[in-house]
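*Asks:* So the chains spell out like this:
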Amino acid sequence: MSNNIILNIKELDKYYDKLHALKMISLEISKGSIHGILGPNGSGKSTLMRIVAGLIKSWNGSISFKNKKLNYNNPKVLSNFGFMIESPAFYEYLSALDNLKLFANLTNTDYKIIYETLELVKLENRMYEKVKNFSYGMKQRLGIAQTLLHQPEILILDEPNNGLDPAGIKDMGILINRLKSEGKTIIISTHILSEVENLCTNVSILKKGDLIASSSMDDIQNNSNKFLIKTIEVNNARLLLDKVPNIIILETNEDSLIVSSKENLNFKTLVQILNDKISIQSIKKESSLIDFFYD
Amino acid sequence: MIKNLIKNEAIKTLYKKRTYISFILIIILIPFIVAAIDNGGKSLESKIYGQLADSFLFYGSVINGYLSTYIIIAILISHMPFLSTIVASEIVSGEYSKGTFRMYLTRPISRSKVLLSKLIIVLLYTTLMMLFFFSYTLFISYLWLGSGDLAVFHNGLLLLAEDDILWRFFLAFVLSNSVMLSVSCLCFLISTVSRNSVTPIIITISIVFIGTAIAFIPIPIFEKINPYLFTGYVNIFLTAFHDPLPFERFYDLFIITSAWSLIFVIASFKAFKNKDILH
Chain A
8 MSNNIILNIK ELDKYYDKLH ALKMISLEIS KGSIHGILGP NGSGKSTLMR IVAGLIKSWN
68 GSISFKNKKL NYNNPKVLSN FGFMIESPAF YEYLSALDNL KLFANLTNTD YKIIYETLEL
128 VKLENRMYEK VKNFSYGMKQ RLGIAQTLLH QPEILILDEP NNGLDPAGIK DMGILINRLK
188 SEGKTIIIST HILSEVENLC TNVSILKKGD LIASSSMDDI QNNSNKFLIK TIEVNNARLL
248 LDKVPNIIIL ETNEDSLIVS SKENLNFKTL VQILNDKISI QSIKKESSLI DFFYD
Chain B
8 MIKNLIKNEA IKTLYKKRTY ISFILIIILI PFIVAAIDNG GKSLESKIYG QLADSFLFYG
68 SVINGYLSTY IIIAILISHM PFLSTIVASE IVSGEYSKGT FRMYLTRPIS RSKVLLSKLI
128 IVLLYTTLMM LFFFSYTLFI SYLWLGSGDL AVFHNGLLLL AEDDILWRFF LAFVLSNSVM
188 LSVSCLCFLI STVSRNSVTP IIITISIVFI GTAIAFIPIP IFEKINPYLF TGYVNIFLTA
248 FHDPLPFERF YDLFIITSAW SLIFVIASFK AFKNKDILH
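These protein sequences, in sequence, are chains A and B. Under the working numbering, the first sequence is numbered contiguously, ending at residue 302. Under the working numbering, the second sequence is numbered contiguously, ending at residue 286.
It is worth saying that the hints were derived from the structure and are not from the lab. Virtual Cβ for every residue (Gly too), placed ideally from N, Cα, C. Treat the hints with care, since some could be wrong.
[To be verified] Result set (DSSO-like, lysine-lysine): computed pairs, CA atoms no more than 27 Å apart in a straight line:
#1 B:K10 x A:K83
#2 A:K292 x A:K237
#3 B:K277 x A:K83
[What the hints assert, rightly or not] Covered by chain B, according to a simulated footprint, are these stretches of chain A (three or more residues, beta-carbon under 8 Å):
#4 58-67
#5 75-85
#6 93-105
#7 110-120
#8 126-138
Please model the entire structure based on the sequences and the hints provided.
*Replies:* Here it is in structure tokens:
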């Protein structure tokens, strides 16, 4: 195992009655990375995070932190982690400051750190307000603040941009990058591809409980072999492309197709096949994670 | 650490409005009943004396603060289980339903300690509420109706001297509180396995209701099982005013209520420790 691996998840398996929620997932998280756990709803992202957080008790497999297997019977194992699982849920009848004091009390954290953290998430001017008056974005930021109080090495954030407006998403991205620059390892779960593309250094993709890919973002960007063809003559394009060996039509929409090939497919080849025969609006290389959803 | 956890639970409880419902109800209700006792004193007195009035002459009045307190406790004690479930019903289930456990339980603290801190707050709340009920009733009744000897029925009419009464009210509180703590522990257990705070109240009150029915229906099988149910001791406070005191019944009470409370608490810890937090 590389020394750079801070969290190692091995053969994690979880059933909810008959539903196989996680199927022998093995995953390595590098120190100082922003690791995206990407997958559609129901893919097992939240289950994975809840297991790491100790919220789910019965599962098989092992989780190691810095090469040491975590024993969840000892709650101290959680001191290296800060979690925000699903939407942030606070004691609404208390102020932001009082909420953080409750969390600080759990780890004997100095109250001075609360004020520093509130400043970091830009809530220092609202700290005396009751949380029930906070917007969703403010609650998300307060959620991040509570993860930082006991100064953990790894932050695990479940859908941190969920429910945020574009400005909120931008602010959250800046905050997460700042935390990374301070040396934190951050694991983010999301079902939005662009979030991972914009924010993450590594990504793992879950689908129906299976880990279908895990790689650095750089590798994924470089190895993409899929194209998005925009045309109003989708059916004609289909007929033409069907005739070409090795080209696979992955998806057909009203005005577009996504195609791939097991061999090297390039822009020039596609233009040669389609041009002059049908009207094409654009051909664009799908340079991202979308590949994995079709593999 | 447990000190900090108890502090947290105390803060959460004190900031919730529902915590004060039982105290407000008691504050409002008691003066009304005391006023009613004062107003209907003569008819109450004649009921207490009954046929004795045909053979004896009574000087003065038995209507006083102590009798008023005794009557009020007798009337309201069977309703106190409702009030003792107010905090217990919500203290765990409320955290499931609002999702706060998702963050609270991801801290490096043991679940057993979290639950213990909650249990301590529940037991404290019930005890404080019962103490307030007894002392406030005594205080208002004394202010309104003054003091005097206490007339109770035990092997006929028993008159307890004025200086022999206060400690009996304290004993009555201890006895009643023992039953209410069992009720709270039951509600706490249901709160631990339930995802909303209404279910624990409904189930607890239903169980108390059935238990009370068993205590009052004179069927041989019920009479056999009743001594082993904590609900069979709801009215035990009355025995604090008996002479001599039935120490054997007190012993039974403490054994039965402690046993039931322990069962409820152990079941709560077992359920909570292994529970998956999925909401």
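*Asks:* Each hint should be assessed against the structure and marked as holding or not.
*Replies:* Going through the hints against the structure:
{"no.": "1", "hint": "B:K10 x A:K83", "result": "holds (18 Å)"}
{"no.": "2", "hint": "A:K292 x A:K237", "result": "holds (11 Å)"}
{"no.": "3", "hint": "B:K277 x A:K83", "result": "holds (20 Å)"}
{"no.": "4", "hint": "58-67", "result": "holds (count 6)"}
{"no.": "5", "hint": "75-85", "result": "holds (count 4)"}
{"no.": "6", "hint": "93-105", "result": "holds (count 10)"}
{"no.": "7", "hint": "110-120", "result": "holds (count 5)"}
{"no.": "8", "hint": "126-138", "result": "violated (count 0)"}
Checked against the numbered hints given earlier, this structure breaks only hint 8.
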